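Chain residues, written in single-letter form:
Number of protein chains: 2
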Amino acid sequence: MIEEFSGDFPVSEFEARLNKAHVMMHKLNIDLLFFTSEPEMRYFTGFRTLFWQSPTRPWFLIIPKNKKPIAVVPEIGSALMHETWLDDIQTWSSPHATDDGVSLLTSILKPFSRVGMLMGRESSLRMPLKDFQSLQQNLPHISFVNVSAEVQHLRMVKSPAEIQFIEQICSIASTSFENAANLFQVGMPLDEVFRTFKKDLLTNGADDVPYLVGGAGDGGYADVISPPSSTPLKEGDILMLDTGATFKGYFCDFDRNYAFGRACDHVKHAYKILLNATMAAFEVARPGTRCKDLHATMQQVIGQSTGDVGRYGHGLGMQLTEAPSLIDFDDTVLEENMVITLEPSLSLGDGKIMVHEENILIQDGAPRFLSRLAPEELPILG
Amino acid sequence: MIEEFSGDFPVSEFEARLNKAHVMMHKLNIDLLFFTSEPEMRYFTGFRTLFWQSPTRPWFLIIPKNKKPIAVVPEIGSALMHETWLDDIQTWSSPHATDDGVSLLTSILKPFSRVGMLMGRESSLRMPLKDFQSLQQNLPHISFVNVSAEVQHLRMVKSPAEIQFIEQICSIASTSFENAANLFQVGMPLDEVFRTFKKDLLTNGADDVPYLVGGAGDGGYADVISPPSSTPLKEGDILMLDTGATFKGYFCDFDRNYAFGRACDHVKHAYKILLNATMAAFEVARPGTRCKDLHATMQQVIGQSTGDVGRYGHGLGMQLTEAPSLIDFDDTVLEENMVITLEPSLSLGDGKIMVHEENILIQDGAPRFLSRLAPEELPILG
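Protein chains in written order, with our numbering: chain C, 1 to 382; chain U, 1 to 382.
Treat the hints with care, as some may be off.
Keeping only pairs whose Cα atoms sit at most 30 angstroms apart, straight-line, the calculated BS3-like set for lysine-lysine is [said to hold, decoys possible]:
#1 U/Lys248 x U/Lys68
#2 U/Lys67 x C/Lys130
#3 C/Lys130 x U/Lys20
#4 C/Lys68 x C/Lys110
#5 C/Lys20 x C/Lys110
#6 U/Lys130 x C/Lys67
#7 U/Lys234 x U/Lys352
#8 C/Lys130 x U/Lys110
#9 C/Lys130 x C/Lys65
#10 U/Lys292 x U/Lys352
#11 U/Lys130 x C/Lys68
#12 C/Lys27 x C/Lys68
#13 U/Lys352 x C/Lys248
#14 U/Lys234 x C/Lys248
#15 U/Lys65 x C/Lys130
The following residues of chain C were derived to be distant from chain U, with all beta-carbon distances above 12 angstroms [what the hints assert, rightly or not]:
#16 Asn29
#17 Lys67
#18 Lys110
#19 Ser171
#20 Asp265
#21 Gly349
#22 Asp364
Only some residues are given here: those of chain U computed to face chain C with a beta carbon under 8 angstroms [to be verified]:
#23 Arg48
#24 Ile76
#25 Ala79
#26 Ser93
#27 Pro95
#28 Gly120
#29 Val213
#30 Asp218
#31 Gly219
#32 Asp223
#33 Ile225
Rather than coming from a laboratory, the hints here were simulated on the basis of the structure. Just so we're clear, the structure is a prediction, and the values are computed from it rather than from any experiment. We treat Cβ as the ideally placed atom computed from N, Cα and C, and that holds for glycine.
With the rest of the complex left out, here is chain C (with noise of 0.2 angstroms):
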């Protein structure tokens, strides 16, 4: 028998997210799940579009404890909401003149007290504020309470078929970094450089390259997420290109820095120091470590403070960055299968930066590299 899929799982796997989210609902009382968000919608239903790119319309899931979600939608989303493994789908015209969802929620959120929501740290509210202001009227019964640590901890553990994905990526983002030196020269314009290596991404199987940030200047860039200017390679150049490509809606996270014709030892030492940090948490990552413990084993290596980044990682998955930070104060605990960026970055002084990432699966033992390792000395291309 061929297993049903749900979007890009199997339905299986939704079973298991939605069992994970009712252990924790029993544990906190909350009666019922409200999700506004992207990630969560796709994550407990396997619901994925480009179309929350347009802001005009508003999506919201529910989970009912005990029960299968319920997907509160616009009717432009209703065909491809019915190819989920989703039972109840209730629809409403939108855009609306006046009720843009609001009396069709409040109608379903009416018989329930403790509503979870993302309320924290990472979370928007993907609705217009007055609607949620108007909900709240409607419903002065109900508590909505900050779930948004317990969700983010649900989603940091990878299933075997999301570690898949993110390997996908990782693999594809690798193969392109590693054909640096056919893609650019000197002289090439930034914008190009950039454009250049979105195709290749492309070319070598991603999805989409949502993210591609980086900078290029003698002896190192000022900056990483300025968008390309047009002043072309010149030799002395240090390029860093950091991208969050795409696979089935899962994100790589890694950087690779190149010099072009020559490097100065200051610039080559640095990237070792980079390297050498990266491996020394890559050392410790175990299931138990804290996500402080590689912060400091990192800054340990590099001997600076982390600057204006502020973090030397962090989770990753259907996001370009998730929960957890490797920050001094998160105190996160690795477990097993969950995938995070290792990026350390120093100052070369002069304002110059210098950062380094890698992408890793916490295991039971030691870790795995997702993305392929970089060379052990800083590459001079050209």
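Dock chain U against chain C, hints included.
Just chain U now, kept in the frame of chain C:
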């Protein structure tokens, strides 16, 4: 003298935008505007980065009455923000163990009493709801006022520089769509069609392709928001691709339909109806026309309701879809330099639909196509 830039526009552009915001604030008696969202941050500062894809850190923009905007941002954004025209940039170390910008925001907002926010249609709160609630508790004297409609109206009317960017990306996408016969053949899996099209858009100069949806099927497609399957194109298929590609952070948003090998008269006729509806709307799209009038004009040609889609077009610019909506309840009056999509759709029966979309600029007099108008007859490839 070379004019100074802030991100992708000259500083004079931001002065003009700010001036319009100040006028609006005076009219509504608003002390300051408080934004948490990417488009508004970029609109008033020029700050453009893909880093918003990471949900970890909130970013805030404050616009006081009669003053330049104040950025309240994580330290990681400080360097890039200092390249904008802003003078007042306040940062905190983020992620933070206990206070992700809330006390800093509190101290800045404290002297004021009426704060405008996006709380209405099409808006989200891109900060943790708990942090917003803390802000409200810290500042019980402040009234948070919904200014969604007013801010949307500011952004609806585009400057010549904005129009140039939209026109550029529309031209790029038109070139790629016109290249379809060289790109797509019977036998090509739909996910490969998507990758090929994205690469062609990048080759033609798109910065990014954040949005590509579509469908293919024998005599029509059922759905316009799904990710692509790996099913190969076959004789008799109708393929629709709808892309939101970007140039300097501005979107195009239009689609094209293609038949492979053959198309039945029913489908050819539907294509003509949609083109006729588009042209009928184009004829009446002048300053003074209301969005609901455009909707009614298209409805009359189509002879059906909008069905699940709900509307026949929308605003376009820094976001894939923006206010207004071409729908029966939207009273927005068109003005010179608005950019909108005309997006009629119809049911082909059997659960199949057809959608057509063009992008136009409202001018004093007749409008202008920014997308190069689709062929009069359904193109038959292969």
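Here is how each hint holds up against the structure:
no.: 1; hint: U/Lys248 x U/Lys68; result: 23 angstroms, holds
no.: 2; hint: U/Lys67 x C/Lys130; result: 27 angstroms, holds
no.: 3; hint: C/Lys130 x U/Lys20; result: 24 angstroms, holds
no.: 4; hint: C/Lys68 x C/Lys110; result: 18 angstroms, holds
no.: 5; hint: C/Lys20 x C/Lys110; result: 24 angstroms, holds
no.: 6; hint: U/Lys130 x C/Lys67; result: 27 angstroms, holds
no.: 7; hint: U/Lys234 x U/Lys352; result: 17 angstroms, holds
no.: 8; hint: C/Lys130 x U/Lys110; result: 22 angstroms, holds
no.: 9; hint: C/Lys130 x C/Lys65; result: 27 angstroms, holds
no.: 10; hint: U/Lys292 x U/Lys352; result: 26 angstroms, holds
no.: 11; hint: U/Lys130 x C/Lys68; result: 27 angstroms, holds
no.: 12; hint: C/Lys27 x C/Lys68; result: 18 angstroms, holds
no.: 13; hint: U/Lys352 x C/Lys248; result: 25 angstroms, holds
no.: 14; hint: U/Lys234 x C/Lys248; result: 24 angstroms, holds
no.: 15; hint: U/Lys65 x C/Lys130; result: 24 angstroms, holds
no.: 16; hint: Asn29; result: 19 angstroms, holds
no.: 17; hint: Lys67; result: 25 angstroms, holds
no.: 18; hint: Lys110; result: 21 angstroms, holds
no.: 19; hint: Ser171; result: 16 angstroms, holds
no.: 20; hint: Asp265; result: 25 angstroms, holds
no.: 21; hint: Gly349; result: 15 angstroms, holds
no.: 22; hint: Asp364; result: 28 angstroms, holds
no.: 23; hint: Arg48; result: 6 angstroms, holds
no.: 24; hint: Ile76; result: 5 angstroms, holds
no.: 25; hint: Ala79; result: 5 angstroms, holds
no.: 26; hint: Ser93; result: 6 angstroms, holds
no.: 27; hint: Pro95; result: 5 angstroms, holds
no.: 28; hint: Gly120; result: 5 angstroms, holds
no.: 29; hint: Val213; result: 6 angstroms, holds
no.: 30; hint: Asp218; result: 17 angstroms, violated
no.: 31; hint: Gly219; result: 17 angstroms, violated
no.: 32; hint: Asp223; result: 5 angstroms, holds
no.: 33; hint: Ile225; result: 4 angstroms, holds
Of the numbered hints listed earlier, those contradicted by the structure are 30, 31.
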